[in-house]
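There are 2 protein chains.
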Amino acid sequence: MTEKIHWSSVDLAQLDPKFRIHLINSASGYKSANLIGTRSAEGQDNLAVFSSVIHMGSEPAIFGFLLRPDTVPRHTWSNILSTGVYTINHIHLPMVDAAHRTSLKFPQEVSEFEATGLTALDMDGFAAPYAAESQVQMGMNYLNHYTIAENGTILVVGQVAHLYANAQVLATDGFLQLDQVATVTINGLDGYALPELIQRMPYEKL
Amino acid sequence: MTEKIHWSSVDLAQLDPKFRIHLINSASGYKSANLIGTRSAEGQDNLAVFSSVIHMGSEPAIFGFLLRPDTVPRHTWSNILSTGVYTINHIHLPMVDAAHRTSLKFPQEVSEFEATGLTALDMDGFAAPYAAESQVQMGMNYLNHYTIAENGTILVVGQVAHLYANAQVLATDGFLQLDQVATVTINGLDGYALPELIQRMPYEKL
Numbered sequence: 008m009t010e011k012i013h014w015s016s017v018d019l020a021q022l023d024p025k026f027r028i029h030l031i032n033s034a035s036g037y038k039s040a041n042l043i044g045t046r047s048a049e050g051q052d053n054l055a056v057f058s059s060v061i062h063m064g065s066e067p068a069i070f071g072f073l074l075r076p077d078t079v080p081r082h083t084w085s086n087i088l089s090t091g092v093y094t095i096n097h098i099h100l101p102m103v104d105a106a107h108r109t110s111l112k113f114p115q116e117v118s119e120f121e122a123t124g125l126t127a128l129d130m131d132g133f134a135a136p137y138a139a140e141s142q143v144q145m146g147m148n149y150l151n152h153y154t155i156a157e158n159g160t161i162l163v164v165g166q167v168a169h170l171y172a173n174a175q176v177l178a179t180d181g182f183l184q185l186d187q188v189a190t191v192t193i194n195g196l197d198g199y200a201l202p203e204l205i206q207r208m209p210y211e212k213l
Numbered sequence: 008m009t010e011k012i013h014w015s016s017v018d019l020a021q022l023d024p025k026f027r028i029h030l031i032n033s034a035s036g037y038k039s040a041n042l043i044g045t046r047s048a049e050g051q052d053n054l055a056v057f058s059s060v061i062h063m064g065s066e067p068a069i070f071g072f073l074l075r076p077d078t079v080p081r082h083t084w085s086n087i088l089s090t091g092v093y094t095i096n097h098i099h100l101p102m103v104d105a106a107h108r109t110s111l112k113f114p115q116e117v118s119e120f121e122a123t124g125l126t127a128l129d130m131d132g133f134a135a136p137y138a139a140e141s142q143v144q145m146g147m148n149y150l151n152h153y154t155i156a157e158n159g160t161i162l163v164v165g166q167v168a169h170l171y172a173n174a175q176v177l178a179t180d181g182f183l184q185l186d187q188v189a190t191v192t193i194n195g196l197d198g199y200a201l202p203e204l205i206q207r208m209p210y211e212k213l
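Chains as they are written, first to last, in my numbering: chain A, 8 to 213; chain B, 8 to 213.
Worth double-checking, as some hints may not be accurate.
Calculated from the model, a selection of chain B residues having no Cβ within reach of chain A, i.e. all distances over 12 angstroms [stated by the list, open to error]:
1) S89
2) S141
3) L162
Simulated DEER-style distance windows between Cβ atoms [as the list claims (entries may be wrong)]:
4) A:Q115 with B:A48: 30 to 36 angstroms
5) B:Y149 with A:D131: 42 to 48 angstroms
6) A:Q175 with B:D104: 42 to 48 angstroms
7) B:I161 with A:K112: 33 to 39 angstroms
8) A:G124 with B:D104: 23 to 29 angstroms
9) B:Y149 with A:M130: 38 to 44 angstroms
Please keep in mind that the hints were generated in silico from the structure rather than gathered at the bench.
No residue lacks a Cβ here, since even glycine has one placed at the ideal position from N, Cα and C.
Starting from the given sequences, assemble the full structure and let the hints guide the process.
If you want it as structure tokens, here you go:
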């Protein structure tokens, strides 16, 4: 038998806070790796890494992401509230260093695009900037948010206004094979991992 | 320049429904791959694959997952409401076939454990069954749920009562290096992929 370590809820509450943060952030499995792009009402671009973007429904096409008010990159939420739009951009292997550095605290007047070397791109008149290096990009219209009473996090819900995908990843049935463009995934708080497709299963509803 | 395909919201609404489901399910990047275990009030075990488990906070340690009322494996939600507990269990490479088959529609009286060959395991008196084959397992106490007005999905929120991890994956700082036990990730609706850790970054808040 494999040796397992067991933490009860009491054990978890007594752990060193940083140890607990790494442990709990790792415990649900792999997370999506995206950059969220916004523009302030004054035209200042912002770009921030998020591991919490989730699929919420396909018709209408809606996605959510979680904001932690105390730790969130500061300008993403205020920009979304003032402009109503944002972009979601995949992080690929060559972008990992730059993407993660967007989580450093830059002054309001510094664009994380310029600070990290990523390229802000406007497409089809949308009012938020995309990361030009991303091979899967979405322009999102803010719809709603839900405040989670248990810890004060905010689930932000938006609908896809524009979806762009590198033609190389698109299968004939609509599936995007993400390993064809080296989209990465996040393990825990600070681990970046590169997946390889093993297999697609016969269609069953997940 | 890489050729990109562009879908506007109008284009998306006009797509073939199955094509759209595959496309939109792939567009947010990789998803977590977990089995949720429940037990009915009558003692019948249930196990279902979910790609929507998300980290919501580390203190208290809470996780969420999304239920789609019209497509969800039918018994998970009713069991959670009647017992208040459930388990979250990582899916590893050797378990992919069995895990995905839990999404087939079995009659109420059939346990997905027995139907798929996975092993139900009781630990520490917890009232929901774990998947014995999983190397990272959590016993969860149901806390709350949020109904998403935009499409009727339900975000179920729970707190960790027990966490078990294979000693092999635990780093000294609490990080669980998931590729050490071949935890998989889900691409789209039906793609299973195996990640390999590229690097951990210096600590910054995500």
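Check each numbered hint from earlier against the structure, then list the numbers of those it violates in ascending order.
2, 3, 4, 6, 8
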